[in-house]
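*Asks:* Each chain is listed here by its residues.
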Amino acid sequence: MLKLEIFASALVNGLLTGAVYALIALGLTLVYGVLHIINFAHGAMLTLAMFAVFVCHAWLKIDPYIAIFFLTPLFFGLGYGVQRFIIGPASHGDDSNILLVTLGLSIIIENGLLMLFKSDTRSIDVPYGFSVIEIGALIVSVPKVIAFVVAFLVAGILGLLLLKTDTGKAIRAVAKERMGAQLSGISVDHIYGVTFGLGAACLAIAACLLMPTYLVSPRAGNAFVLVAFTIVVLGGMGSIGGALAGGLIIGVVESLSGLYFGESLGQIGIFIIFIAVLLFRPTGLFGAKA
Amino acid sequence: MKLDRRTILQGTGVAAAVLAAPTVLRAQAPAIKIGILQPVTGALAQDGEYGRLGAGIALNEINAAGGIKSMGGAKLQMVFGDARSNPEGGTAEVERMQSEGVAAIVGGFASPIVLASSQAASRYDIPYLVDVGVSDQIVNRGLKNTFRFGPGFGVVTAAALDNLVKLNDAAGKPAKTVVVVHEDGLFGSGMAKLMQNELPKRGFEVLETIGHPTPSRDMSNVALRIRALNPDLVIPSSYYGEFVLLARTMQQQKIRPKGIYAALNGAASNFRFVKEFAEAANFVMDCNHWADPRKPKTAAVRALAEKDGRFWLYNTPLNYSAVRLLADAIERAGSADRGKITEALAASTFTDHIMPYGPTKFVNGQNQGAAPVNTQVQNGDIKVIFPTEFADAKPIFPAT
Amino acid sequence: MNKLGMNTLGISRAPTDRTLPLIGIVVLALAVLPLGVTSNVVLNFLGFAMIIALAAQGWNILGGFGGQFSFGHAVFFGTGAYAMALLQVRFGLNPWLALPLAVLLGAVVGYVMGWLSFRAQLRGSYFALVTLAFAEVFRITANAWGFTGGAAGVLVPLKLDAANMQFADKRVAYWFALALVAVALVITHRLTQSRFGAQLVAIRENEDAARALGVDALATKLKAISLSGAMTAAAGCLYTQKFLYLDATIAYGPWISVEALLAPIIGGVGTVFGPLVGTFLLLGLGELTKTLFSHMFGGAWPGADLVVFGVLLIVCVAFAPRGVLGLLTSWRRSSP
Chain Y
1 MLKLEIFASA LVNGLLTGAV YALIALGLTL VYGVLHIINF AHGAMLTLAM
51 FAVFVCHAWL KIDPYIAIFF LTPLFFGLGY GVQRFIIGPA SHGDDSNILL
101 VTLGLSIIIE NGLLMLFKSD TRSIDVPYGF SVIEIGALIV SVPKVIAFVV
151 AFLVAGILGL LLLKTDTGKA IRAVAKERMG AQLSGISVDH IYGVTFGLGA
201 ACLAIAACLL MPTYLVSPRA GNAFVLVAFT IVVLGGMGSI GGALAGGLII
251 GVVESLSGLY FGESLGQIGI FIIFIAVLLF RPTGLFGAKA
Chain R
291 MKLDRRTILQ GTGVAAAVLA APTVLRAQAP AIKIGILQPV TGALAQDGEY
341 GRLGAGIALN EINAAGGIKS MGGAKLQMVF GDARSNPEGG TAEVERMQSE
391 GVAAIVGGFA SPIVLASSQA ASRYDIPYLV DVGVSDQIVN RGLKNTFRFG
441 PGFGVVTAAA LDNLVKLNDA AGKPAKTVVV VHEDGLFGSG MAKLMQNELP
491 KRGFEVLETI GHPTPSRDMS NVALRIRALN PDLVIPSSYY GEFVLLARTM
541 QQQKIRPKGI YAALNGAASN FRFVKEFAEA ANFVMDCNHW ADPRKPKTAA
591 VRALAEKDGR FWLYNTPLNY SAVRLLADAI ERAGSADRGK ITEALAASTF
641 TDHIMPYGPT KFVNGQNQGA APVNTQVQNG DIKVIFPTEF ADAKPIFPAT
Chain A
691 MNKLGMNTLG ISRAPTDRTL PLIGIVVLAL AVLPLGVTSN VVLNFLGFAM
741 IIALAAQGWN ILGGFGGQFS FGHAVFFGTG AYAMALLQVR FGLNPWLALP
791 LAVLLGAVVG YVMGWLSFRA QLRGSYFALV TLAFAEVFRI TANAWGFTGG
841 AAGVLVPLKL DAANMQFADK RVAYWFALAL VAVALVITHR LTQSRFGAQL
891 VAIRENEDAA RALGVDALAT KLKAISLSGA MTAAAGCLYT QKFLYLDATI
941 AYGPWISVEA LLAPIIGGVG TVFGPLVGTF LLLGLGELTK TLFSHMFGGA
991 WPGADLVVFG VLLIVCVAFA PRGVLGLLTS WRRSSP
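Protein chains in written order, with my numbering: chain Y, 1 to 290; chain R, 291 to 690; chain A, 691 to 1026.
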């Protein structure tokens, strides 16, 4: 019944949306890979970044794509600070305490935003918000194409950063063998901060890419958390390439299962994949053997 | 964008003043405490906040006009409770309101909160006046203390269907095929089920019923399916965010059905949507709670609501009217006694509200006159198109 | 709780017989509380706290003693709650009969989920995430399935009668819930002294080593998750009888998974009294900030109380990294 062009549209849309999911998952997987913690504040931090984009656009009249250039360092700093001065000291390095602290942070951020911005759902109106590229019967949203390209760029840059720079090498060293890294003179606390900062920076970029087509309320980021977890698991915890591939796969699966089974039950598809991957291949489709 | 730092500050300033006012008045006369229960944190915070706004406006108005005259001008004092968007939160606030000695409670917004809270209130015989909560289980449980001012689910859907037929017939039956889009919670699913059963009986073919979760990250697939099915009509029943996403995607994907006919939609009669996305919103119809445009007071309340930098939503006039209705009952009861207020509510024939319901008449707790209206976004404004008795515009259908 | 009792609050290396009398004292103290306190706000709070405490006690068996952190205890809570409601509404069963069945069902669901996950060798974050996904699958299914009432939820008719497990007197409802919490306390205490408990802790500390010593890790963990599921399902039953309405988000939503996990962590993971102490602290702080802010601002700043609550949560962890009970023990040690 569904024509080929609809299938193609859904496929393209899934890939485009998946790239942004991947970007959100990148931060999560990086933090997991290095700190071995599950960051419950990830969704709230995304919301915070989305509000930052909103404020830039509505009050300071700055285009979201321009905002990338200063929100990214800003959120890097914020992430660094949060890990170094809040999560780290408060949790004493204990896993269960990190859960509590990040949960506490998410409550603070979400409700802090509620206090400041009230509960209204807000969106920004940019001139290119409705721009499309038409390829035959395919109508592709321009902001989503931009998001797709930027997401790949960011993943590439992040990968290079980890491979080539000293800090990147230190991050990988800490991820592999924390004690050893510490003994060889790497400040683990600093590296933890940097990693968390990178995660937050990814969220800032994701927020800038999302806002031209999405909307924000004090709980908006939560919608992306579970899907980001799924991608992290699918791609293998800690793997950047895995997150990227996982994001695209989940994007497409969500899009096609939504098309054929409806959006509500389509969501079950995601979780069943999630469970199946965990049960049968817990290191993820692309992760190395743990 | 209308919103800047100043309006936010003003907004909160006024809100603080509204809330502080009853405290100031406490010294003058033995105040009557009224519980205002709304979810202002959590998932439903947006709706709760607009409900509270309406209740606050009504209380201020009543107090400014001399309070409850049969009780020597006693003022009404708001005891506000944040239901936290869940039944436990609502129940805990009812207990607190009970301990503070409220005479009655107004609000709840969502059906799960209302179901739990009205039942908790029934243990103390506190009259509970429901503002929105459309689930018909609310008034079918035989709780003596529970009254619903607005229409329930059955009434809303019946009206939505009848008006749809009228609309289509008047235009020469251009619409034959329908796609129903609904959020998968209580009201959206219930609406979709009814539509699926009832539309074929009225000569429409339902091509597809598409459910989606709240929140949804992306509505492109729904839009794509609509594009593939190419229906004459799209009937969406969703919360604010998802409908905005859908309407925007449909505009972008150049999907133009003959009409978008929403039912109990969170966005189609929301001025924020109309202002921010004028093109996507234009000609969208909605069958929903809406204030009566004929009544002069409607404009006055709307001006007060918008003065706070907020938008005009149905929650505000509904709560405004519910509080006014309660005040009338207290006036007639001449007492803050819960039993007497309950009796007065049950016998109410109150007309001075701003909803298009006519005189209030409760049967088993349900206001018989309560009915939704049909609105349509027409070039930046929201107009009433049905019922014809007080419509302020003619429907524009088909839109393309 | 007196200062004398603190040494036996449960962190003690070898659980002594002093824990059992302490359970008695604590339960008795909680039981006489409503005789002095008549405020309905407090009674309602206590009643709800018992539900969360029971759910948390269930979590603590698996997460605290077994070291298997679950992010999805909503699966058990929701199953218990739905079973309790549906057995009454759909099958006309008396709640007193429905309760044991619902608890049993919680255990069965726990066993199946455990069988799937533990056989796949899932540990740590992997196990945590799979439980989260299970909870979501249950939630979406319950929301779509006609039998559970779908999105409209299920409403248990109000009929205040002890024979109907709906207590007209809030104190009686609280005492009933407290009784279940007391049973869970005793079971937990028995666990600490049993061979099963020792094996469970051994698995938490080092699963491979435990295995090498001949512990059947899979069987032990399955036993733990079943017991854990049963306890948390009982909490779900209490919820149904208290609020008489359920929908998928209430029953299987992430909120209860989070509460069940937070309370033991704040109170003291893997201790007999940790979940109970944590529950009172967690809910107490929430109520306190909410009441305080509502008195100060009359609700003018929605969310402000929760911001303060979040800060307090972090401060709690910062100063009591091993839970409140852990803090008390270390104080006692440093000040002889």
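Derived from the structure by calculation, the hints contain no laboratory data.
These numbers were taken from a predicted model, which means no experiment stands behind them.
Each residue gets a CB set at the ideal place from its N, CA and C atoms; glycine is no exception.
Check each hint, because a few of them may be wrong.
Stated by the list, open to error - Capping the alpha-carbon separation at 25 Å, the derived lysine-lysine pairs in DSS-like fashion look like this:
hint: 1; chain 1: R; residue 1: Lys434; chain 2: R; residue 2: Lys466
hint: 2; chain 1: R; residue 1: Lys323; chain 2: R; residue 2: Lys434
hint: 3; chain 1: R; residue 1: Lys548; chain 2: Y; residue 2: Lys3
hint: 4; chain 1: Y; residue 1: Lys61; chain 2: R; residue 2: Lys491
hint: 5; chain 1: R; residue 1: Lys544; chain 2: Y; residue 2: Lys3
hint: 6; chain 1: R; residue 1: Lys434; chain 2: Y; residue 2: Lys3
hint: 7; chain 1: R; residue 1: Lys434; chain 2: A; residue 2: Lys860
hint: 8; chain 1: R; residue 1: Lys491; chain 2: R; residue 2: Lys463
hint: 9; chain 1: A; residue 1: Lys849; chain 2: R; residue 2: Lys434
Claimed, not checked - Okay, the calculated bits of chain Y under chain A, using three or more residues with CB under 8 Å as the criterion:
hint: 10; region: 21-27
hint: 11; region: 76-82
Stated by the list, open to error - On the chain R side, residues computed to face chain A include the following (Cβ under 10 Å):
hint: 12; residue: Arg342
hint: 13; residue: Phe370
hint: 14; residue: Val384
hint: 15; residue: Tyr414
hint: 16; residue: Glu473
hint: 17; residue: Val496
hint: 18; residue: Thr499
hint: 19; residue: Thr639
hint: 20; residue: Thr641
hint: 21; residue: Ala661
*Asks:* Take the hints in turn and mark each one as holding or not.
*Replies:* The hints, checked one at a time:
Pair hint Lys434/R plus Lys466/R does not hold up; C-alpha atoms about 44 Å apart against a cutoff of 25 Å. Proximity of Lys323/R to Lys434/R is assessed by CA-CA distance (about 21 Å); at most 25 Å being required, the pair is judged to hold. Of the supplied pair hints, the one linking Lys548/R and Lys3/Y holds, its CA atoms being roughly 22 Å apart against a limit of 25 Å. Of the pairs offered as hints, the one joining Lys61/Y and Lys491/R is violated, with about 52 Å between alpha carbons and a cut-off of 25 Å exceeded.
For the given pair, Lys544/R sits about 17 Å from Lys3/Y by alpha-carbon distance, which is consistent with the 25 Å threshold. Proximity of Lys434/R to Lys3/Y is assessed by CA-CA distance (about 56 Å); at most 25 Å being required, the pair is judged violated. Between Lys434/R and Lys860/A the alpha-carbon distance is near 20 Å, which keeps this suggested pair within the 25 Å criterion. Between Lys491/R and Lys463/R the CA atoms are separated by roughly 15 Å; this keeps the pair inside 25 Å, and the hint holds.
The suggested pairing of Lys849/A with Lys434/R holds, with an alpha-carbon distance near 14 Å, which does not exceed 25 Å. Counting residues of the region 21-27 of chain Y whose beta carbon lies closer than 8 Å to any beta carbon of chain A gives 0, which falls below the threshold of three, so the coverage claim is violated. Three residues within the 8 Å Cβ limit are the bar, and the region 76-82 of chain Y against chain A gives 0, so the coverage statement is violated. Annotation: Arg342/R was flagged as interfacial toward chain A, and the flag holds, the nearest CB pair being 8 Å apart, inside 10 Å.
The beta carbon of Phe370/R comes within 4 Å of a beta carbon in chain A, closer than 10 Å, and the hint placing it at the interface holds. Hint status for Val384/R: holds, given a least beta-carbon distance of 9 Å to chain A, under 10 Å. This hint holds: Tyr414/R has a C-beta 8 Å from the nearest C-beta of chain A, less than the 10 Å allowed. Given the 10 Å rule on beta carbons, the hint for Glu473/R holds: about 9 Å separates it from the nearest Cβ of chain A.
For Val496/R, the interface hint is violated, since its Cβ never comes within 10 Å of a Cβ in chain A; the closest pair sits about 18 Å apart. For Thr499/R, the interface hint is violated, the least distance from its beta-carbon to any beta-carbon of chain A being 12 Å, above 10 Å. Restraint check, Thr639/R versus chain A: the minimum CB separation of about 29 Å is more than 10 Å; hint violated. At about 31 Å, the closest approach between the beta carbon of Thr641/R and any beta carbon in chain A exceeds 10 Å, and the interface hint on this residue is violated.
For the restraint placing Ala661/R at the interface with chain A, the shortest Cβ-Cβ distance is roughly 22 Å, beyond the 10 Å limit, so the hint is violated.
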